[in-house]
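Engineer: Sequence:
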Amino acid sequence: MMTPPATPSTPVENTSREESKWQTKLGSALAVVLGDVPVVQQTDHFKAKLKLAPRNKWFKAEYDACIARASCDLSRHLDEARKNFAVWEKQFIVNIGRLPILSDVSSDQEASELQKRIRYAEHLLRHFGVDLYKQ
Numbered sequence: 001m002m003t004p005p006a007t008p009s010t011p012v013e014n015t016s017r018e019e020s021k022w023q024t025k026l027g028s029a030l031a032v033v034l035g036d037v038p039v040v041q042q043t044d045h046f047k048a049k050l051k052l053a054p055r056n057k058w059f060k061a062e063y064d065a066c067i068a069r070a071s072c073d074l075s076r077h078l079d080e081a082r083k084n085f086a087v088w089e090k091q092f093i094v095n096i097g098r099l100p101i102l103s104d105v106s107s108d109q110e111a112s113e114l115q116k117r118i119r120y121a122e123h124l125l126r127h128f129g130v131d132l133y134k135q
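So the sequence shown is residues 1 to 135, counted in my numbering.
Everything labelled a hint here was simulated from the structure, so no lab data went into it.
Some hints here could point you the wrong way.
[Stated by the list, open to error] Once the Cα atoms are required to be at most 25 Å apart in a straight line, the calculated BS3-like pairs of lysine-lysine come out as:
#1 K116 to K21
#2 K60 to K21
#3 K49 to K25
#4 K60 to K47
#5 K90 to K116
#6 K116 to K83
#7 K21 to K51
#8 K90 to K60
#9 K21 to K49
#10 K21 to K47
#11 K47 to K25
#12 K83 to K49
#13 K47 to K116
#14 K49 to K60
#15 K60 to K25
#16 K25 to K116
#17 K47 to K57
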């Protein structure tokens with residue numbers, strides 16, 4: 001009897017999802033808008049600790065303070081993103097001669113990134129209880 005030929009070996013790739021830096025969904029969402037900054041790290045840390053010990057008043061107070069700082073930063077970033085998106089829209093109108101539609105926004109990397117940040121920031125601010133107004 002003959003043995004079958006050896007199958008070519010291919011390197012085994014890691015198929016599991018990359019380990020997330022953030023412990024909570026809130027941390028991940030904040031990082032989309034604000035990036036990897038200390039206020040996001042602190043908020044994520046205290047949110048995770050608060051999940052483990054929901055009755056701990058110190059964690060709750062620290063978490064609330066982090067949320068207040070994050071809300072301020074989110075509001076600032078939302079305003080900047082809206083202004084930058086308005087500039088992009090004006091540029092689009094001048095160059096193309098019409099208003100952009102959803103496919104135009106999604107095909108342009110800069111515009112889709114701005115729109116994503118705007119959506120995340122608005123959702124997070126509403127989640128934190130901040131009333132939003134559109135300009």
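Engineer: The structure should be examined with respect to each hint, and the outcome stated for every one.
Structural biologist: Status of the hints after comparison with the structure:
A distance of roughly 20 Å separates the Cα atoms of K116 and K21; the hinted pair therefore holds under the 25 Å criterion. Taking the CA atoms of K60 and K21, the gap is near 22 Å; set against the 25 Å cutoff, the hint holds. For the given pair, K49 sits about 14 Å from K25 by alpha-carbon distance, which is consistent with the 25 Å threshold. The hinted pair formed by K60 and K47 meets the criterion: a straight-line CA distance of about 8 Å does not exceed 25 Å.
About 19 Å separates the Cα atoms of K90 and K116, which keeps this hinted pair within 25 Å; it holds. Of the pairs offered as hints, the one joining K116 and K83 holds, with about 14 Å between alpha carbons and a cut-off of 25 Å not exceeded. Taking the CA atoms of K21 and K51, the gap is about 17 Å. The hint holds against a cut of 25 Å. Between the alpha carbons of K90 and K60 the distance comes to roughly 44 Å, so the proposed pair goes past 25 Å and is violated.
Straight-line distance between C-alpha atoms of K21 and K49 comes to about 15 Å, which keeps the hinted pair within the 25 Å bound. Distance restraint check for K21 and K47: the Cα-Cα separation of roughly 14 Å lies within the 25 Å cut-off, and the hinted pair is therefore satisfied. About 10 Å separates the Cα atoms of K47 and K25, which keeps this hinted pair within 25 Å; it holds. Our distance criterion of 25 Å between C-alpha atoms is broken by K83 and K49, whose separation comes to about 36 Å.
Between the alpha carbons of K47 and K116 the distance comes to roughly 23 Å, so the proposed pair stays at or under 25 Å and holds. Between K49 and K60 the alpha-carbon distance is near 9 Å, which keeps this suggested pair within the 25 Å criterion. Restraint check for K60 and K25: the C-alpha separation of about 17 Å stays at or below 25 Å, so the hint holds. At roughly 16 Å between alpha-carbon atoms, K25 and K116 fall within 25 Å of each other, so this suggested pair holds.
With a C-alpha separation of about 13 Å, the suggested pairing of K47 with K57 holds against the 25 Å cut-off.
Of the numbered hints given earlier, the model fails hints 8 and 12; all others are met.
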